[in-house]
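Visitor: Here is what each chain is made of, one letter per residue.
Protein chains: 4
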Amino acid sequence: MKLAFNTWVYSSFPVWVPAYPLAEVIRRLAAIGYDGIEIGAASPHAFPDYLDTAARQEIRSQLADNGIAVSSMLPAPGGGPGFNVASPLEAERRAAIDQYIKVAQLCSDLGGKILLYVAGWQVFGTPIEQAWVWSREALRKIAVAAAEMDVTVVVEPTSADSNLVETCDGALRLMREVGAANVKVMFDTYHCLYRNEVPTDYVYRMGKDLHHVHLADLDRAAPGDGRVDYEALVESLRDVGYQGYLTMEIGFDRRSVEPDRIARRAFEYMKPLVG
Amino acid sequence: MKLAFNTWVYSSFPVWVPAYPLAEVIRRLAAIGYDGIEIGAASPHAFPDYLDTAARQEIRSQLADNGIAVSSMLPAPGGGPGFNVASPLEAERRAAIDQYIKVAQLCSDLGGKILLYVAGWQVFGTPIEQAWVWSREALRKIAVAAAEMDVTVVVEPTSADSNLVETCDGALRLMREVGAANVKVMFDTYHCLYRNEVPTDYVYRMGKDLHHVHLADLDRAAPGDGRVDYEALVESLRDVGYQGYLTMEIGFDRRSVEPDRIARRAFEYMKPLVG
Amino acid sequence: MKLAFNTWVYSSFPVWVPAYPLAEVIRRLAAIGYDGIEIGAASPHAFPDYLDTAARQEIRSQLADNGIAVSSMLPAPGGGPGFNVASPLEAERRAAIDQYIKVAQLCSDLGGKILLYVAGWQVFGTPIEQAWVWSREALRKIAVAAAEMDVTVVVEPTSADSNLVETCDGALRLMREVGAANVKVMFDTYHCLYRNEVPTDYVYRMGKDLHHVHLADLDRAAPGDGRVDYEALVESLRDVGYQGYLTMEIGFDRRSVEPDRIARRAFEYMKPLVG
Amino acid sequence: MKLAFNTWVYSSFPVWVPAYPLAEVIRRLAAIGYDGIEIGAASPHAFPDYLDTAARQEIRSQLADNGIAVSSMLPAPGGGPGFNVASPLEAERRAAIDQYIKVAQLCSDLGGKILLYVAGWQVFGTPIEQAWVWSREALRKIAVAAAEMDVTVVVEPTSADSNLVETCDGALRLMREVGAANVKVMFDTYHCLYRNEVPTDYVYRMGKDLHHVHLADLDRAAPGDGRVDYEALVESLRDVGYQGYLTMEIGFDRRSVEPDRIARRAFEYMKPLVG
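Going down the list, the sequences are from chains A, B, C and D. Take the first sequence: its letters are residues 7 to 281, numbered as in this note's numbering. Take the second sequence: its letters are residues 7 to 281, numbered as in this note's numbering. Take the third sequence: its letters are residues 7 to 281, numbered as in this note's numbering. Take the fourth sequence: its letters are residues 7 to 281, numbered as in this note's numbering.
Worth double-checking, as some hints may not be accurate.
For chains that are exact copies, the list does not tell them apart, and a pair is met inside one copy or across any two.
Claimed, not checked - Mimicking SDA-like on lysine to any residue, the simulated pairs with C-alpha atoms at most 25 Å apart in a straight line are: (1) LYS108 x LEU279; (2) LYS214 x PHE130; (3) LYS147 x ASN72; (4) LYS108 x VAL21.
Derived by calculation from the structure, the hints in this document are not laboratory data.
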């Protein structure tokens with residue numbers, strides 16, 4: 007298993023500051039020892055429309071120079087454009103699908119293979135069945151485009167933030183209904199905690215379909231500073247033969263944070279566990 | 007003085023849920039008694055690219071039918087696109103200026119006259135003087151475009167969220183450096199609290215240049231549920247002859263909120279004070 | 007009984023900001039309805055060395071124009087110069103006596119009749135008996151000088167801040183040992199609370215020697231926002247025939263305060279009680 | 007890197023007790039192991055007017071006998087005399103400049119080389135640009151005098167307490183505008199925390215101009231008892247080649263403190279980090 011770190015806490019999403027250029031983040035995470043970087047598609051790091059071919063090539067060089075890989079990418083849902091695949095606004099649904107495909111392309115351009123899928127959320131007035139259909143159809147289109155780029159789309163249950171795909175079962179159901187070879191599932195310990203569920207249950211139930219894992223503890227604290235049993239989690243992941251990344255998605259929901267500190271703290275706690 | 011309510015808490019920005027369609031929000035705020043609605047340019051309410059002429063006309067009808075006016079509009083900074091006018095990325099700066107102009111147009115189309123300006127923030131590695139110049143030049147361009155739409159741009163110090171225009175003096179300085187007739191200032195009691203400053207000091211110092219006011223208390227609580235002295239604030243506003251809106255920008259930083267409740271609570275506390 | 011308000015919360019002592027010029031403070035306190043202002047000898051209000059004859063005359067005019075009297079004055083102990091009358095440094099003891107006399111003069115120049123006396127504190131290594139003697143001899147010299155200006159010096163027990171005169175008995179003992187006609191006593195409800203003592207006990211025990219009263223509640227909150235029984239206090243003061251000021255000394259130990267608000271809140275709570 | 011300890015917590019500034027004579031403080035800090043002592047110019051330690059040549063010589067002997075150096079000195083702003091270099095009172099501004107020069111002289115007399123500069127604060131009614139000019143001109147005069155004593159003046163951003171130089175950029179701008187060889191910058195982790203900024207950002211941005219560092223955590227707690235990442239801080243200081251002192255400025259804002267304990271606790275946490 008490899009360790010990666012998600013860039014939100016270094017970006018202007020959702021909290022505007024502190025914010026660092028992507029080159030700085032790549033350098034710092036590599037220096038701490040991370041194998042991978044999960045790049046959020048938010049400014050000032052990687053909003054696709056802002057990065058032309060030259061910029062992408064430069065990022066790729068920086069990654070190579072620092073010996074760190076792109077573990078995965080994900081959009082930044084909820085900002086002005088929303089990017090809610092289940093929005094009642096058709097224009098927003100179309101824009102969301104476009105954005106996912108743009109992020110898949112950027113991910114591929116940077117050497118990444120995994121795109122996270124947040125299945126959207128129900129706005130007041132939209133029947134939940136309708137929201138589900140919109141999300142499923144969006145995922146279908148995204149999966150087709152991603153397949154051509156050799157990118158796998160992983161569905162993440164996000165109970166703490168949304169109301170459509172909240173559970174292990176919800177993610178698996180969406181995956182099965184789409185039925186594409188490059189659609190898989192993932193989970194985040196933080197969302198398990200929100201539902202008072204047990205992370206190892208997710209590992210065993212997702213099994214071979216589990217292609218990505220987010221680690222975060224209560225209040226998006228670093229692993230080790232909360233309640234999750236990471237030893238058991240790592241053991242269960244070994245049991246099911248998981249070989250992907252463990253990605254820290256932490257600290258980003260507040261301004262009062264030192265990004266390097268939380269990145270180092272998480273690494274120092276998890277590294278001995280994964281060996 | 008009139009009372010208005012900001013839409014964030016009903017939108018998917020920055021927290022995805024609960025979220026309501028704009029028509030629903032217009033109806034509810036009018037029913038509570040608000041004179042105005044401050045519409046944030048975020049999904050699912052009013053991201054400019056998602057609203058064609060017909061959609062804008064329909065919103066305008068809803069506003070008229072419910073007897074509520076657009077007090078003001080503002081962009082949603084910090085989401086994926088950032089819209090940081092002081093970003094180190096030229097593409098983002100251009101996109102931010104475009105977005106402000108689009109929001110000004112939408113504001114005008116909906117009958118509004120005030121556009122809020124968040125002056126951006128310094129990303130690590132950008133000299134503060136450079137960030138300031140970028141922000142000032144952006145404001146210049148936005149002001150020119152807004153003038154043609156009869157929209158006034160008001161600079162808001164946002165100390166709690168940013169690091170460029172944080173104070174009364176900072177906002178006034180930016181206003182003066184731009185020197186356009188349709189560039190004025192505003193303040194938010196929440197940002198005063200963050201700096202442990204006194205709101206009435208802002209009123210007396212901004213004086214005739216004060217064109218908009220945000221009300222929010224500690225933790226974005228409703229007026230009356232915190233520490234600010236609203237009686238003194240209203241009195242000082244009368245002293246300087248303020249005739250604009252008092253706009254509640256509250257409750258939007260958490261999922262555990264009932265939007266209608268906080269809107270009603272703020273109205274019931276402030277209405278007797280403004281008479 | 008008359009109501010007065012102490013200026014610390016509007017000054018740079020002990021917390022630097024917010025700070026207002028003295029003219030502004032006079033105007034605001036008079037507007038709220040206070041009969042008197044207790045002026046602390048701290049910048050930017052009334053550090054004696056900074057105020058020449060013209061400046062004093064101007065303050066006197068401002069007081070008259072606003073219809074508010076100087077209830078009392080006091081030095082600002084503990085800053086760089088210390089002004090600890092019981093300091094182990096002879097130079098500091100001399101400077102402290104000088105400063106008290108300068109403040110008495112300024113008080114007189116502004117039409118005031120009461121000078122508060124903080125009896126100093128024991129520094130590690132100084133025998134308590136020695137500290138007492140130094141404080142008593144200082145008070146003797148100050149009283150002689152003050153007598154010529156028709157100023158009464160009132161000894162205040164300051165248990166929360168010091169360790170020499172902490173109690174009703176301590177203040178009375180110091181007063182008696184000095185034995186001057188213009189040396190009397192006072193107390194502050196805040197210091198009573200620190201010792202878990204009962205304010206009315208101070209009133210009855212100080213009786214005819216009680217010449218000044220400070221009101222403040224837990225954490226220097228305004229009367230009414232804490233634990234003290236002000237109705238009983240006012241009744242006991244009537245019992246002993248007290249005709250001096252009730253002076254609010256509140257809010258000054260923190261930056262997060264609106265001075266006008268706390269001044270108004272205290273006034274609105276106490277005014278009905280004193281009739 | 008060397009470790010020093012600031013004397014406030016042992017002095018009568020800003021809290022009157024506990025207070026210890028300077029000789030006692032020198033002995034205790036040396037016994038704990040500190041390389042340096044940062045002496046605040048407050049009673050009963052080192053208010054310049056109270057210390058004649060003999061007294062200064064005696065302190066110098068005590069320092070030598072205990073093998074501890076004066077790392078730096080600083081005035082005690084905000085007490086009665088204010089010493090606000092940006093005060094609206096000309097007399098106070100003059101007194102402040104005089105006091106800084108006196109402290110520089112005392113620092114030099116005690117073998118110290120660094121004088122801290124608190125840039126003052128804006129009083130209500132003073133335009134911020136005017137306050138800035140007053141502060142800059144004061145610093146110019148102080149720097150000229152200090153240069154003759156071989157003392158370097160370091161500008162400290164003090165956001166938690168003031169409103170004029172609050173940031174890394176503000177300190178650097180003041181330094182550059184003065185443009186004297188013996189004017190440099192410093193920062194305090196406590197003030198970084200107040201602004202929710204990252205201490206290592208200050209290190210990298212101040213770089214070669216960084217000549218002094220204050221360590222303190224939330225609520226002025228000792229390093230290790232809060233939120234700052236001291237490992238990263240020390241590493242970043244090594245990166246930029248910093249060879250000055252790390253000075254603890256802690257515990258002084260409350261009476262309920264044991265000075266020796268907090269001094270020892272800070273030393274024991276930091277010593278292993280600096281090696």
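Visitor: The structure should be examined with respect to each hint, and the outcome stated for every one.
Guide: These are the hints, each one checked on the structure:
For the identical chains of this complex, LYS108 and LEU279 are neighbours neither inside a copy (35 Å) nor across copies (46 Å), given an alpha-carbon limit of 25 Å. For the identical chains of this complex, LYS214 and PHE130 are inter-copy neighbours only, at 18 Å across copies versus 36 Å inside a copy, given an alpha-carbon limit of 25 Å. In this assembly of identical chains, the alpha carbons of LYS147 and ASN72 never lie at most 25 Å apart, being 34 Å within a copy and 40 Å across copies at closest. For a Cα distance limit of 25 Å, the shortest separation of LYS108 from VAL21 qualifies both inside one copy, at 23 Å, and across copies, at 23 Å.
Comparing the model with each numbered hint stated earlier shows that hints 1 and 3 do not hold.
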